[in-house]
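Since the structure of chain A is already known, use the hints to place chain B on it.
2 protein chains.
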Amino acid sequence: MVASRHSEPLCIGIDGGGSKCRASVVDSDNRVLGTGVAGPANPLHGYAQTIDSIVRSASLALADAGLSPDLLGELVAGVGLAGVNMPSLYNKMASWSHPFRKMYLTTDQHSACLGAHRGGEGAVIIAGTGSCGYAWVGGRAEVLGGHGFPHGDKGSGAWMGMEAVKYLFLALDGLAEESRLKGELLRALGSRDANDVFEKIGGKSSSHYARLAVQVVECAEAGDPVASAIMRDGAGYISDLADKLLEFNAPRLSIIGGLAPRLQPWLAPHVVARLADPLDPPEIGCVHFAQQSMAADISAGEPIAESEGKALFG
Amino acid sequence: MVASRHSEPLCIGIDGGGSKCRASVVDSDNRVLGTGVAGPANPLHGYAQTIDSIVRSASLALADAGLSPDLLGELVAGVGLAGVNMPSLYNKMASWSHPFRKMYLTTDQHSACLGAHRGGEGAVIIAGTGSCGYAWVGGRAEVLGGHGFPHGDKGSGAWMGMEAVKYLFLALDGLAEESRLKGELLRALGSRDANDVFEKIGGKSSSHYARLAVQVVECAEAGDPVASAIMRDGAGYISDLADKLLEFNAPRLSIIGGLAPRLQPWLAPHVVARLADPLDPPEIGCVHFAQQSMAADISAGEPIAESEGKALFG
Chain A
1 MVASRHSEPL
11 CIGIDGGGSK
21 CRASVVDSDN
31 RVLGTGVAGP
41 ANPLHGYAQT
51 IDSIVRSASL
61 ALADAGLSPD
71 LLGELVAGVG
81 LAGVNMPSLY
91 NKMASWSHPF
101 RKMYLTTDQH
111 SACLGAHRGG
121 EGAVIIAGTG
131 SCGYAWVGGR
141 AEVLGGHGFP
151 HGDKGSGAWM
161 GMEAVKYLFL
171 ALDGLAEESR
181 LKGELLRALG
191 SRDANDVFEK
201 IGGKSSSHYA
211 RLAVQVVECA
221 EAGDPVASAI
231 MRDGAGYISD
241 LADKLLEFNA
251 PRLSIIGGLA
261 PRLQPWLAPH
271 VVARLADPLD
281 PPEIGCVHFA
291 QQSMAADISA
301 GEPIAESEGK
311 ALFG
Chain B
1 MVASRHSEPL
11 CIGIDGGGSK
21 CRASVVDSDN
31 RVLGTGVAGP
41 ANPLHGYAQT
51 IDSIVRSASL
61 ALADAGLSPD
71 LLGELVAGVG
81 LAGVNMPSLY
91 NKMASWSHPF
101 RKMYLTTDQH
111 SACLGAHRGG
121 EGAVIIAGTG
131 SCGYAWVGGR
141 AEVLGGHGFP
151 HGDKGSGAWM
161 GMEAVKYLFL
171 ALDGLAEESR
181 LKGELLRALG
191 SRDANDVFEK
201 IGGKSSSHYA
211 RLAVQVVECA
221 EAGDPVASAI
231 MRDGAGYISD
241 LADKLLEFNA
251 PRLSIIGGLA
261 PRLQPWLAPH
271 VVARLADPLD
281 PPEIGCVHFA
291 QQSMAADISA
301 GEPIAESEGK
311 ALFG
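These protein sequence lines map, in sequence, to chains A and B.
Here the first sequence stands for residues 1 to 314, where the numbers follow our numbering.
Here the second sequence stands for residues 1 to 314, where the numbers follow our numbering.
With the rest of the complex left out, here is chain A:
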């Protein structure tokens, strides 16, 4: 049964992070009608850019679905954002005069977890540019790791890149063993000496370092001992994170993010045995969040939008 668009509000899930913002508009059976991708949406790195990316990705999703841009004001939006675990940023985003009929805001960790477990309880490890662990059990969130670059986020792409660059400087000074990794890193950076490596990467952002994770992963997979040691160290931490998350009695555990498939072979076997495939992507997790929040509002007798919510639900 496909509900008519006029009997139930149209939902959109919007997942925003440091590199891009992805929106999917769905029908009442959560089938994706259209998707849009825009630029970064992390309010810690810029409020104007964040709201621009949210509106742009939503508009592109409507266009992709063949729907009128005027429908923006009728959408119930679930928005999962990086950075809003900080109360000041949550409040700033929540008080935005957004163009949607209703906006439900949560952290990108929460929406990723709801996505992985199709709205149900569970835990996720997110391993991409950064890393963190998150469990959602009994209506309670537990967050582990994710303390940021360069002091936290062990096992992430940025951490791998940083470890690789540290090794590279040692090797260029003749203070660490030669390796395939050294050559691959110099090739990737287009560098021949330490000064040039410094110019290319010194003081750069986490995403610059994360690009070098490719060389670490590939060299480790090819048996290079230096790269393998970095992978083992990072994966050891991710396995510890998994053990700790399972202590919260999460019924399911998934590992998501760009590094997930490459990390998996390096994780502890008992952790691998507990991993479950993620069921929906993070932006559909945002849809689940919006639907759950909306249902809670309705059962609390709260209208979805003050002016016309009831009429639209009628």
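Hints listed in this document are in silico derivations from the structure and should not be mistaken for laboratory results.
Hints may contain errors.
Claimed, not checked - List time: in silico DMTMM-like cross-link candidates among lysine to aspartate or glutamate, alpha-carbon distance up to 20 Å: (1) Lys92/A <-> Asp52/A; (2) Lys166/B <-> Glu199/B; (3) Lys244/A <-> Glu218/B; (4) Lys244/A <-> Asp173/B; (5) Lys244/A <-> Glu121/A; (6) Lys166/B <-> Asp233/A; (7) Lys204/A <-> Asp193/A; (8) Lys166/A <-> Asp196/A; (9) Lys166/A <-> Glu177/A; (10) Lys244/B <-> Glu142/B; (11) Lys166/B <-> Asp196/B; (12) Lys166/A <-> Asp233/B; (13) Lys20/A <-> Asp64/A; (14) Lys244/B <-> Asp52/A; (15) Lys92/B <-> Asp52/B; (16) Lys200/A <-> Asp233/A; (17) Lys244/A <-> Glu177/B; (18) Lys20/A <-> Asp52/A; (19) Lys244/A <-> Asp233/A; (20) Lys244/B <-> Asp173/A; (21) Lys166/B <-> Glu247/B; (22) Lys244/A <-> Asp193/B; (23) Lys20/B <-> Asp70/B; (24) Lys92/B <-> Glu199/A; (25) Lys166/B <-> Glu177/B; (26) Lys244/B <-> Glu178/A; (27) Lys244/B <-> Asp233/B; (28) Lys92/A <-> Glu199/B; (29) Lys244/A <-> Glu178/A; (30) Lys166/A <-> Glu178/A; (31) Lys244/B <-> Asp193/A; (32) Lys166/A <-> Glu199/A; (33) Lys166/B <-> Asp70/B.
Said to hold, decoys possible - Output of the computed footprint for chain A on chain B, the stretches with three or more beta carbons under 8 Å from beta carbons of chain A: (34) 148–158; (35) 170–178.
For every residue, glycine included, the Cβ atom is placed at its ideal position computed from N, Cα and C.
Quick look at chain B alone, frame taken from chain A:
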């Protein structure tokens, strides 16, 4: 024999780094007549601040010596600066319309090395907020390490602080052993949880991290295993650096900088056996550099200052 101030030019040594600039004006026997200290002087972090700190420290040194501020224009200045190992910054500083009679510019590593060995050949390891190795042998400089924060400068104060903060986040997540270091770090930061630690230190500069080296050193000296492991790792690198520097046949090796005395007990015994006490501080190394450069200019027939150099030397 004390030469009259009118027969030989008065020399001043000025050593500038990321936190302060120190100047000493000396007589012809290199006896310090007066010293002045001003703010940071690293052109990488600000050209205007750098030239202001140089002039201010020099003026304060003249005042401390009871000399007229008008003598600034008669001083031959040896200036050792952080950052000028980068050619662009060297050229910018060298083309400064400085107020001295003559300015000889070099890196702070070179002047520190000349200071430690009273103008002679040798090698130094500098261990403070950052770390690096430098050898000056046969008119040739060899630089090792010092690649910067957070990817290089192993064994430095900033590196120790970063390792300590990484450990602290793991410990706060229950993913690392408890230790005395954990409590001391939280006390030093005035923090109780990971969010507050992040607010206090996350993304801060190397000097912020370096402040936490005190806790690492003190806990290690008190036998704490976590802090001891950090010290051993850092000191192992410094020992490797020493071995590499000795390969350049440096006749003397000194370790200088704020961390030097605390690192020494953790270095390899064969390295400790080779360490020689530094003979002069870095700003006197700047004086040696100015005197050596001036002597080279004179033997090359070059006047010290185009207008009146010869008259003053006559």
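Checking one constraint from the list: CA of Lys166/A to CA of Glu178/A, max 20 Å. Satisfied? Between Lys166/A and Glu178/A the Cα gap is close to 13 Å, so the pair holds against 20 Å.
Is the hinted pair Lys166/B and Asp196/B satisfied, with a Cα-Cα distance of at most 20 Å? holds, 14 Å
Are Lys166/B and Glu177/B close enough, with their CA atoms no more than 20 Å apart? Judged against 20 Å, a Cα distance of about 13 Å means the pair holds.
Taken at face value, is the distance from the CA of Asp70/B to the CA of Lys166/B at most 20 Å? violated, 52 Å
Please verify whether Lys92/B and Glu199/A have alpha carbons no more than 20 Å apart. holds, 18 Å
Would the pair Lys244/B and Asp173/A pass a check requiring their Cα atoms to be no farther apart than 20 Å? Holds: Lys244/B and Asp173/A sit about 9 Å apart, inside 20 Å.
Distance restraint between Lys244/B and Asp193/A, which requires alpha-carbon spacing of 20 Å or less: Distance of about 18 Å is within 20 Å: holds.
With the threshold set at 20 Å, check whether the alpha-carbon distance from Lys166/B to Asp233/A stays at or below it. Answer holds: Lys166/B to Asp233/A is near 14 Å, not above 20 Å.
Examine the segment 170–178 of chain B: at least three residues should have C-beta closer than 8 Å to a C-beta of chain A. With 4 residues close enough to chain A, the hint holds.
Given the hinted pair Lys166/A and Glu199/A, is their Cα-Cα distance within 20 Å? holds, 14 Å
Under a C-beta cut-off of less than 8 Å, do 3 or more residues of the segment 148–158 of chain B approach chain A closely enough to confirm the stated coverage? holds (count 5)
Restraint status (C-alpha distance of Lys244/A to Glu218/B at most 20 Å): Given that 20 Å is the threshold and the Cα spacing comes to 31 Å, the pair is violated.
Violation of the numbered hints given earlier is confined to hints 3, 14, 16, 21, 23, 29 and 33; the remaining hints are satisfied by the structure.
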